[in-house]
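As they're listed, the protein sequences go chains P and L. Read left to right, the first sequence gives residues 1 to 114 (this note's numbering). Read left to right, the second sequence gives residues 1 to 112 (this note's numbering).
Take these hints with a grain of salt, some might be off.
What the hints assert, rightly or not - Covered, in the sense of this in silico footprint (three residues per stretch, anywhere, with C-beta under 8 Å from a C-beta of chain L), are these stretches of chain P:
| id | stretch |
| --- | --- |
| 1 | 16-30 |
| 2 | 45-58 |
As the list claims (entries may be wrong) - Examples of chain L residues toward chain P, derived with CB under 8 Å:
| id | residue |
| --- | --- |
| 3 | Y39 |
| 4 | S51 |
| 5 | P82 |
| 6 | G83 |
| 7 | F89 |
| 8 | D97 |
| 9 | Y98 |
| 10 | K99 |
| 11 | L100 |
| 12 | F102 |
| 13 | A104 |
| 14 | G105 |
In short, the hints are calculated from the structure, not lab data. All C-beta atoms, glycine included, are put in the ideal place defined by N, C-alpha and C.
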Amino acid sequence: DSGVTQTPKHLITATGQRVTLRCSPRSGDLSVYWYQQSLDQGLQFLIHYYNGEERAKGNILERFSAQQFPDLHSELNLSSLELGDSALYFCASRRGGQVYTEAFFGQGTRLTVV
Amino acid sequence: DQQVKQNSPSLSVQEGRISILNCDYTNSMFDYFLWYKKYPAEGPTFLISISSIKDKNEDGRFTVFLNKSAKHLSLHIVPSQPGDSAVYFCAASASNDYKLSFGAGTTVTVRA
């Protein structure tokens, strides 16, 4: 158990809909990262939050947004869903933003858009 | 942006032999490197890391080597065991950047 909790584990929704994925980081971790893994491909970095502030953005679509709340949990919002958004979405947390530490991953949310 | 590259998508090795996984990077600002292991339907789990001030780090059967001049790192698994069959991801970060960039992964299959 990495200590990072992602909910829900599975999500099936229709095209055009909006979903929210939730991530609770490990206790004490200030950084939260979101990654997308499509069709057994690599982990594509989406966005990074540190202590409530957005710190880095990757190839995140405009239809996607995220935030980190004062209690440090994070949500990834995906809207106007398309079939190609079907993927595994992983959240990872890390102790700080720039320290030399590993990131711990949650089990992921498998999103299926039909 | 493919700043971290794992050019071998798969590797098959016999149980007991050495597995060598390779990773190349392009960003000279990267100064911390990590390897993760991932089983199907699970999140990646941290395996081993190395900072740029070192050229080798060892943890049990796992050793990571870093060649900064070549912008190359490798993971050695000795001896390979059936439970090592998984996807291995190389990752890198820089002290001036908050991103943690991953390679595409290498699928390792350990044959009995």
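Unsatisfied constraints (hint numbers, rising): The structure conflicts with hints 1, 3, 5 and 6, although it agrees with all the remaining ones.
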